[in-house]
Amino acid sequence: MPLRVARQRTQMTLLLTALVAVSLVSLLIGAGETGPLRALAVLAGSQDSDASFVVWQLRAPRTLIGIVVGMALGVAGALLQAVSRNPLAEPGLLGVSAGAAFAVALTLVMGASAATLRISVAQLGALVGCLCVLSVTRVRGVGSDPVRLVLAGAAFSGLLSSLTSLMLLYDQRAADEIRFWVIGSLSGRRLDDLAAMLPSMLVAAVAVVLMARPLAALALGERAASGLGHHPGLIRWCVVACVALLVGGATAMAGPIAFVGLVVPFAARAMAGPDIRRTLWFCLPIGPLMVLAADMIARVAVAPSELPIGVLTALCGAPVLVSVVRARRLPSL
Amino acid sequence: MLIEQRALVVSTGLCVALLCAGVLYLSLGSMALPVSAVLPALFGRGEMISVFTVQELRLPRLVAACLTGAAFALAGVLMQTLARNRLATPGIIGIDNGATAFAVASVVGMGVSLTPPAMALAGAATAAALTFGLVAGGGTQGYRFIVAGIGVGAVFGAVTQLMLARVAIDTANAAYPWTVGSLNARPGDAVGLLAVGLGAGVIAACVVARPLSLMRFKDATAYGLGVNVKARRFQVLMLSVVLTALAVAVAGPVGMVGLIGPEIARSLSSSRQVPLLASTLAGALVMVLADLAGRTLLAPIEIPVGIVTAVIGGPWLLWILMRPQRSHA
Chain A
1 MPLRVARQRT
11 QMTLLLTALV
21 AVSLVSLLIG
31 AGETGPLRAL
41 AVLAGSQDSD
51 ASFVVWQLRA
61 PRTLIGIVVG
71 MALGVAGALL
81 QAVSRNPLAE
91 PGLLGVSAGA
101 AFAVALTLVM
111 GASAATLRIS
121 VAQLGALVGC
131 LCVLSVTRVR
141 GVGSDPVRLV
151 LAGAAFSGLL
161 SSLTSLMLLY
171 DQRAADEIRF
181 WVIGSLSGRR
191 LDDLAAMLPS
201 MLVAAVAVVL
211 MARPLAALAL
221 GERAASGLGH
231 HPGLIRWCVV
241 ACVALLVGGA
251 TAMAGPIAFV
261 GLVVPFAARA
271 MAGPDIRRTL
281 WFCLPIGPLM
291 VLAADMIARV
301 AVAPSELPIG
311 VLTALCGAPV
321 LVSVVRARRL
331 PSL
Chain B
334 MLIEQRALVV
344 STGLCVALLC
354 AGVLYLSLGS
364 MALPVSAVLP
374 ALFGRGEMIS
384 VFTVQELRLP
394 RLVAACLTGA
404 AFALAGVLMQ
414 TLARNRLATP
424 GIIGIDNGAT
434 AFAVASVVGM
444 GVSLTPPAMA
454 LAGAATAAAL
464 TFGLVAGGGT
474 QGYRFIVAGI
484 GVGAVFGAVT
494 QLMLARVAID
504 TANAAYPWTV
514 GSLNARPGDA
524 VGLLAVGLGA
534 GVIAACVVAR
544 PLSLMRFKDA
554 TAYGLGVNVK
564 ARRFQVLMLS
574 VVLTALAVAV
584 AGPVGMVGLI
594 GPEIARSLSS
604 SRQVPLLAST
614 LAGALVMVLA
624 DLAGRTLLAP
634 IEIPVGIVTA
644 VIGGPWLLWI
654 LMRPQRSHA
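In order, the protein sequence lines correspond to chains A and B. Reading the first sequence from the start, the letters are residues 1 to 333 in the working numbering. Reading the second sequence from the start, the letters are residues 334 to 662 in the working numbering.
Simulated from the structure, these hints should not be mistaken for laboratory data. Warning: the hint list may mix true and false statements.
Sample of chain B residues lacking proximity to chain A, with all beta carbon distances greater than 10 Å (derived) [unchecked claim]:
#1 S369
#2 E380
#3 R477
#4 L526
#5 A528
#6 V540
#7 L547
#8 M571
As a list, the in silico SDA-like pairs of lysine to any residue whose alpha-carbon atoms are at most 25 Å apart [unchecked claim]:
#9 B:K551 x A:P36
#10 B:K551 x A:T107
#11 B:K551 x B:L570
#12 B:K551 x B:V562
#13 B:K563 x A:R326
Where is the CB? At the ideal position from N, CA and C, for every residue including glycine.
Only chain A is shown next, with the shape it has when bound in the complex (with noise of 0.2 Å):
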């Protein structure tokens, strides 16, 4: 157990070190013309104004931001799998984000713009489509099998995906405002809208600390859990309320970016095993590091357009949807 925790440690700061390094990274490569010497002065201490304004202004909120959604995904996906004891459920998957997504569409179309406002909505979406999903998992018969789980997802978000662009197509000016937003993308969000999200991640945050002791007896079966003083139906709507709150504020910051939720906890659990509090810390550095990553990809990799976020880890996350299913066992959670 010690060489173990040993190497867990090791991991972790690996992962801190490669977190702060791509953070860095991230303030100074982008596709306009600050290169990374002049972005690196401006962090020295340089008054070179343009170059400010740029590190400043747009990248550090967009950096900030990527690392919160980053983490809110990746929790909501290792809280998401272990109350339906499910390796495949991720809420970009089971239409969670799609649910979001709609809600949002929704209220543009009804006319409403405030920012605010988008983040409660978008959090109630997802807290519906999370209760969509999970009741059909309740229904016998599917949720014993985690694949027809992801089948029951992407027929409920294609419903609601079809449902969000025929409204668009109702309304032109919601669709102009929301055409970009719902592929996924980090630019041009400002702090302002990152402060508007804090108050629900930090309740979303304390909720999870609380709820790891549980979530772990409850990975035990649930008769378990309940011999040790636990109450399974109990942790259950917190995790959905949980994921709702995290899935939904990182929609409304970032839109719809599916499959980060599957990946990052697939390489936390493979880094600290099948303990879901360790797997949880795992999650908070491998989230931001994946989806800055993507963002950096995205920005540069067609300069000086921009791809969507969305795109990439979908490129990323499918071949690992593929490898989970063609294991011969899926992994038991």
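Take the given structure of chain A and dock chain B to it, following the hints.
Positioned in the frame of chain A, the structure of chain B alone reads:
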């Protein structure tokens, strides 16, 4: 080939329903014509304007709707039988997305000179090969195959987005019908190609109908009954892929028809044979009705037919999944 009485009745009924839907399709729209005026106009009699509306505007679109619906549904029922899973339709396992990605590549000019139909064919073949290759160990059965297909489809969907994000907005708009599925911009040569392909496909499907109905059993049983399972499987897969690709080249990814058509046909027919003909007709019927609804419901805005079928097909798919398990396909 033994033709059951029930299959005959079902097919005739679907034909009649399709004809009625067709007449309705020709008469309704932004300029509604009375049904009594539609039939003469079809043969060139009556007022000039109604003749023009029916013959030039609505009839080609009706033909395209029938052909694409039929092709999607036939491809769907073939694939379902092959995979022994009623959810394994080309649309769900990513073949649609592959065809779309390649066709969009051709539309936005990614340095390829093939026409969209040819590219759609290449894309469908690539996606099918990828999906089947990735689950080579597990065979075509079970849900893993489908989820692998969803993964492959997600990659192709992302690639499509990637290409659309890179080009100018006008080019992206030109490629838009390809991404949702619409009968609005149907290339004429692709419709002709689809008509020929569908004709050949129906004949080929009739030829393989008997081995196909035996392939619903386990591989060993089918071998024992004299079916060369491997060769047949490859042929049927190819047929399904080609039909999907040709249909995508006309209407874009309207894959849900491949799920709904065979479902309707199966609930009407007896389970003794694979309902190939009934599925084909039901697919055409669904497509015609869906496009009719898309044209008229929110007029003057037109809902792309792909969205209509997705809105119907999504809940349908969920319902199939949540129903207590019965034997598949």
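Here's how the hints hold up against the structure:
1. S369: 34 Å, holds
2. E380: 32 Å, holds
3. R477: 5 Å, violated
4. L526: Correct as stated: the minimum Cβ-Cβ distance to chain A is 28 Å, above 10 Å.
5. A528: 28 Å, holds
6. V540: Correct as stated: the minimum Cβ-Cβ distance to chain A is 32 Å, above 10 Å.
7. L547: Answer for L547 (chain B): holds, closest chain A Cβ roughly 27 Å.
8. M571: 23 Å, holds
9. B:K551 x A:P36: Violated, at roughly 62 Å.
10. B:K551 x A:T107: Answer violated: K551 (chain B) to T107 (chain A) is near 52 Å, above 25 Å.
11. B:K551 x B:L570: Measuring from Cα to Cα gives roughly 17 Å; hence the hint holds.
12. B:K551 x B:V562: Between K551 (chain B) and V562 (chain B) the Cα gap is close to 10 Å, so the pair holds against 25 Å.
13. B:K563 x A:R326: 22 Å, holds
In summary, the numbered hints that this structure violates are 3, 9 and 10.
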